[in-house]
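In order, the protein sequences belong to chains E, L and Z. Start counting the first sequence at 30; every next residue gets the next number (this note's numbering). Start counting the second sequence at 13; every next residue gets the next number (this note's numbering). Start counting the third sequence at 7; every next residue gets the next number (this note's numbering).
Watch out, some of these pointers could steer you wrong.
In silico lysine-lysine, PhoX-like type, Cα no more than 25 Å apart, as pairs [unchecked claim]:
hint : chain 1 : residue 1 : chain 2 : residue 2
1    : E       : K240      : E       : K44
2    : L       : K24       : L       : K98
3    : L       : K173      : Z       : K27
4    : L       : K321      : L       : K292
5    : L       : K295      : E       : K240
6    : Z       : K88       : Z       : K76
7    : E       : K58       : E       : K44
8    : Z       : K49       : Z       : K239
9    : E       : K88       : E       : K44
10   : E       : K58       : Z       : K76
11   : L       : K43       : L       : K32
12   : L       : K290      : L       : K43
13   : E       : K58       : L       : K173
14   : L       : K292      : E       : K240
15   : L       : K173      : Z       : K44
16   : L       : K24       : L       : K43
17   : E       : K245      : E       : K58
18   : E       : K58       : E       : K88
Please keep in mind that the hints were generated in silico from the structure rather than gathered at the bench. Fair warning: this is a prediction, and the values are worked out from it, not measured in the lab.
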Amino acid sequence: MSCERSEAIPLIEIKNLHVHFSVYGGRLKVLDGVDFVMRSGEKVGLVGETGCGKTTTMKAILRVLPMPPARIPQGEIYFKGRDILKMNASDLQQVRGRGISMIFQDPTAALNPVFSVGQQLEAVIHHSTNRESKLSRQEIHQQAIASLQEVALADPERLLRSYPVQLSGGMRQRVCIGMALATGPELLIADEPGTSLDVTIQDQILRLLRKLVEEKNTSVILITHTLGIVRETTDRVYVMYAGNMVEVAATTELFSHPLHPYTRGLMDAVPRLTGGGVSDGIPGRIPNYLNPPPGCRFHPRCPQAMDICRQEKPYFYKLSDNHEVACFLYQGSKEQGSKEQGNLRPVTCDLRPATWRAL
Amino acid sequence: MTTDILTFTDLKKHFVIGHKGILNRETVTVKAVDGVSFAVREGETFGLVGESGSGKSTVAYTTIGMYRPTAGTISFRGRNLFEGNKARPLALKKDIQIVYQDPGSSLNPRRSIKEIIGLPLQIHRRPPTPPNVGGGRRGNRLEQVVQLLEMVELPPDYMHKYPQMLGGGEKQMVAIARALATEPSFVILDEPTSALDVSIQGKIINLLIRLQNEFHLSYLFITHDLSLMRNVASRVAIMYMGKVCEIAETAEFFRNPYHPYTQMLLSSIPVVSEEEEKLKPQKITSTGEIPSPVNVPSGCSFHLRCPSKMDICSEVDPVMVEVEGGHTVRCHLYGDQ
Amino acid sequence: MAEQATISREFATTFTAQQIKQLERESRREGLGRAWYKFSRNKLSVVGMATVLLLVLLAIFAPWVTPYPKHAGPFTDFAHAKIPPSLRYPFGTDQIGRDVLTRIIFGLRSSLLMGVVVLALVVPPGVLLGLLAGYFQGTWIDTVIMRITDIFLSVPPLILALAVASVLKPNLWNGMMAVSLMWWPWYTRLVYGLGVALRNEYFVSAAEVTGASTAHIIFREILPNTISPIFTKMSLDVAWVIIIGSMLSFVGLGVQPPEPSLGTMVADGSRYLPDQWWIAVFPALAIVVVVLGFNLLGDGVRDMFAAEEI
Chain E
30 MSCERSEAIP
40 LIEIKNLHVH
50 FSVYGGRLKV
60 LDGVDFVMRS
70 GEKVGLVGET
80 GCGKTTTMKA
90 ILRVLPMPPA
100 RIPQGEIYFK
110 GRDILKMNAS
120 DLQQVRGRGI
130 SMIFQDPTAA
140 LNPVFSVGQQ
150 LEAVIHHSTN
160 RESKLSRQEI
170 HQQAIASLQE
180 VALADPERLL
190 RSYPVQLSGG
200 MRQRVCIGMA
210 LATGPELLIA
220 DEPGTSLDVT
230 IQDQILRLLR
240 KLVEEKNTSV
250 ILITHTLGIV
260 RETTDRVYVM
270 YAGNMVEVAA
280 TTELFSHPLH
290 PYTRGLMDAV
300 PRLTGGGVSD
310 GIPGRIPNYL
320 NPPPGCRFHP
330 RCPQAMDICR
340 QEKPYFYKLS
350 DNHEVACFLY
360 QGSKEQGSKE
370 QGNLRPVTCD
380 LRPATWRAL
Chain L
13 MTTDILTFTD
23 LKKHFVIGHK
33 GILNRETVTV
43 KAVDGVSFAV
53 REGETFGLVG
63 ESGSGKSTVA
73 YTTIGMYRPT
83 AGTISFRGRN
93 LFEGNKARPL
103 ALKKDIQIVY
113 QDPGSSLNPR
123 RSIKEIIGLP
133 LQIHRRPPTP
143 PNVGGGRRGN
153 RLEQVVQLLE
163 MVELPPDYMH
173 KYPQMLGGGE
183 KQMVAIARAL
193 ATEPSFVILD
203 EPTSALDVSI
213 QGKIINLLIR
223 LQNEFHLSYL
233 FITHDLSLMR
243 NVASRVAIMY
253 MGKVCEIAET
263 AEFFRNPYHP
273 YTQMLLSSIP
283 VVSEEEEKLK
293 PQKITSTGEI
303 PSPVNVPSGC
313 SFHLRCPSKM
323 DICSEVDPVM
333 VEVEGGHTVR
343 CHLYGDQ
Chain Z
7 MAEQATISRE
17 FATTFTAQQI
27 KQLERESRRE
37 GLGRAWYKFS
47 RNKLSVVGMA
57 TVLLLVLLAI
67 FAPWVTPYPK
77 HAGPFTDFAH
87 AKIPPSLRYP
97 FGTDQIGRDV
107 LTRIIFGLRS
117 SLLMGVVVLA
127 LVVPPGVLLG
137 LLAGYFQGTW
147 IDTVIMRITD
157 IFLSVPPLIL
167 ALAVASVLKP
177 NLWNGMMAVS
187 LMWWPWYTRL
197 VYGLGVALRN
207 EYFVSAAEVT
217 GASTAHIIFR
227 EILPNTISPI
237 FTKMSLDVAW
247 VIIIGSMLSF
257 VGLGVQPPEP
267 SLGTMVADGS
277 RYLPDQWWIA
287 VFPALAIVVV
297 VLGFNLLGDG
307 VRDMFAAEEI
């Protein structure tokens, strides 16, 4: 996939990443050639259902996949031009936490219940800044307070002495965000932030993330299966299915013109405030990674599957500057030589339930 | 004329979680449910909405018999569910069932699907009808299990699988099959699709609706997903800190919310289209945390976060009044004291 | 009113009874295959299993596989005493002229028997008490059971075993009784902790809500979730029981001469160190092999019971 004309090296570039897991019965070929690019300063969403491989991809970036069952037979991941997969341990440690930080879905599980918030936060700060400048305990403490203030937590002194179990879910998630940002990372990966929280608190958390990102120019990858959140919080969105990226577009473009049948199916499946019932969603389930379908992994569930979809794997085709899609509906086969435009159907925005299946 | 099948009358459920004070004489109580009254009509889907700490799950668990009410009553077809000190009779257990939120923990990972679904069949001893009687055959227990799996559109070889081998949506279908195995008339659905992806949510919801129509079931549908509620419930009640704030028919609830909390919630829903954005009330940002249920604010429990707070709100707890036909609100903005 | 019109809920099953039975059979086979896969992933577990199997076979067929079966009983041959390991006596002979190898293999019998019998005596009541105390946590049942457990646990275990064994006639069976008496509380405590956590799970509530009896919940919902830790503990315990049994016979309780016991052999042989080292060292090595075998087997059993991710 090509970038736009830009001089800067992309912040993250994943090329043709494959990840396999060894299990009873063979190998799970979870990631099947993932491509991903983002530049500094962007807020990118990564949307896909459970099991599509989004968390696996992020874990691969940070190299926290359990390597005995997991293997990376192919692919490269570049962070600011350096191949993460080939880094040695000490360089990797620099990247983790300082270059890239991650916040997880369940803040309760991410915080150690037997240590106070202060102990955990200060430990993070201590470990991340120890190399260049040895900070005194007082300075670390001050920085911890500053981190908590930045995430709009009141009474930081008392909070530092508290234990996670004494805080509400929203506060815990904010502490996690504070911890992740305390190291001043260039990239923040947020895995379903606020999913386990209430809608109003989730709203607060997302607004907080937006504000912080703007103030510190941190880039964000927001992983979620909730389309509504992506629409409000990101500039660009990747849609992922069964170990492949299937579509990427600027957010407004994706929501007004979703192209890939899977994306359209997802949009269709979201219940609407306008009422009218709920669509049945996308029939079938995600493929068995032991024996994934040949060609396009989505073809068994796709209402518009063609012969070529069963034989060849689609590749990213650039429809416009801010919209790429991997689907034979919009491109010809690679063997045909050039990227001829296939049957480009007029894209309608009418996504009422059942319309999708009527296409 | 539809009758009320399940009626809540001033239901209260308090949990004592500790002691404090001199000689530990004062108790620390969580007032999870603190005076809830509404009725579910036969055959309808009654929606219960609220955030964590609102008490909606406690209402569900009390109804199903996991807790006994601290005060107030729950009546099923006119009969008090908690008569005397006895355990709930088997006939009532059969008639009121529940589908839990997290299928991962509501299915025993050490029991096969066959055993999980077979349990209610075994307890309530659905007898196999002799062949050649009536329309279809019920068959022996194994066949009944297969029938239930078919009803939720799962293949029969799933019987031998264990829950962790199934996807989230499939697990929830098993939970639904289990709930319906006893042929209940009332089913509580506690966030049945919250743990699932949006792409399979619809299938389960539509299955539930189909089953409701086929077997004339009444549902108490609990969720925090307002967009989903809009499409599923016929009437909606919203709870905050153990009390009901507003009840209305669904379209009316979304079109014309009276209570400031309802408005706040509706304005925070993440939507996917401009069309829907226009339907939302004006954005009310909530500041501050949801207060702890141990330290309930005085007067109206919402007054600390309410943008329309008045003086009286911190002193007196409002009562439910009817503002329009079938639309009731509990708020000083509308009540005459 | 119970008399509401029950709408018929018959469904025609599209699957015959025949097909359903076939599915049952296939699933059983697959279950075994998965279990073996999980067990055998760690090669050492297979080694452990093979070792234990070998030891058990040797013990069972001792009279037929040993070179000098008579040496396991009353037998003396001072002419051939204290011979170092050689072709004729692979592990040498002891101070009375008995073949060490033969006696080790016969000695395995009492060791393995002790392991198996003690666990068979200890596990069922221990687990049962733990389940009851756990399910009825907070009630008098819990208090009574756990306080009794505490009392047994507060006595230093070896002293308890010694006390009991010295009061009774010293032989293998009484030795086993003594060890059993000090062993059961550990299972109660293990299962109690698991049971208390498990009874708060939603699947237990789901069963209660459906109307399941207490017996069903304890034995069909809670117990299966405790099998894994119980089995793991059991396979490691075999090793411990054998060591304790050896300790008992080392101090003269438990198995009596001339019946061979690994512990006694080590005790007697220790007098002849370091010159006639084989008399003590080979029995000691045998104990090590037995313990190691069961430990490795235990690891494999734990893996086998681990819940599947996929």
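Among all the numbered hints in the text so far, which are the ones the structure does not match? Going through the list in order, the structure violates hints 1, 10, 12, 17 and respects the others.
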